[in-house]
Amino acid sequence: MPNPLPPGADPRQIVADGYDAIGKTYLREARKDHDGLREQYIGYLTEGFSGCSEVLDLGCGAGDPGTVMLSIYFDVTGVDISSGQIELAKEHVPAGEFIVADIAEVEFPPDNFDAITAFYSIIHVPRELQPGLIEKISTWLRPGGRFIGTFHSGASAEDYDPNWLGAPMYWSGYGPEDNRLMVEAAGLRIISARNETVEFDVDGTPTTFQWIVAEKVLGE
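My numbering numbers the first residue of the sequence shown as 1 and each following residue consecutively.
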C-alpha cells in the first residue's frame, strides 16, 4: 500500500536531498548490476541503430554502470536533481558533461540528441508532470532518435518511504497502458514495452518496472 507524503512536503526536494544523502550507497548497489538491464537496453542504441552520437541521460545519478557504458560509445550529457550525485558522476565518468537540474524543468533545443535514456528516474517525477516531460523528450530527439525509459508497472499517485537506503524517498507513476499511451501521445513510436523484474533491487526487494523503447517518427 503506497504511503502518502508528509503534509506540505515537496516531492522533488525529497528526491534531491535523498540522493544527496545516499548517493554513494546507491552507486555501490547499482554497480552490482544484478540483472544487467541497463546494458541490455543500451543495446538498442549500440546495435542496429546507426548514426547515434549524442545521448542525453536523464537522472544520470552518480555514474552508474549505464552512464559509464553510454560514455564509452557516445557523447553523453547527464542531468540529475542531486548535486551530490552529479559531483560523483564527474569523478566516475570524466568523459561526460553533467548538469544539476530537475529533469522535469531542464530545457534543451529541439532536435538536439540522437537518443535519450531515463533509467529509474521518471519514477521520481510527480506523475502529473510526466506527460509534459515525455513531450519535451520527443522535442529534444532528432527525427528517428530513440528513447529508453523505465516506468512504474503499477499506478501510484505518490509513494513515500521515510527511510529508503537511509534517507526519505518519493515515487510516482501510472500503470503500463497509461505509460504506453503517454509515450505515443508525445509522437513516439513504441518499439518495445516490457515489464522486467529486478530480482535484487538496490534495497534488496524484487521490483518490477516497465521498460519502454520508442523512436521519434520521421517528420514529427
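It should be emphasised that the hints constitute simulated quantities derived from the structure, not laboratory data. Treat the hints loosely; a few may be bogus.
Said to hold, decoys possible - Within a straight-line C-alpha distance of at most 27 Å, the following computed BS3-like cross-link-like pairs (lysine-lysine) qualify:
#1 K90 / K136
#2 K90 / K24
#3 K90 / K32
Unchecked claim - Pairwise CB distance ranges, derived in the manner of DEER restraints:
#4 T205 / V100: 26 to 32 Å
#5 R189 / G166: 39 to 45 Å
#6 P109 / T205: 36 to 42 Å
Note that CB positions come from ideal geometry on N, CA and C, so glycine has one too.
Status of the hints after comparison with the structure:
no. : hint                    : verdict
1   : K90 / K136              : 25 Å, holds
2   : K90 / K24               : 13 Å, holds
3   : K90 / K32               : 20 Å, holds
4   : T205 / V100: 26 to 32 Å : 29 Å, holds
5   : R189 / G166: 39 to 45 Å : 40 Å, holds
6   : P109 / T205: 36 to 42 Å : 40 Å, holds
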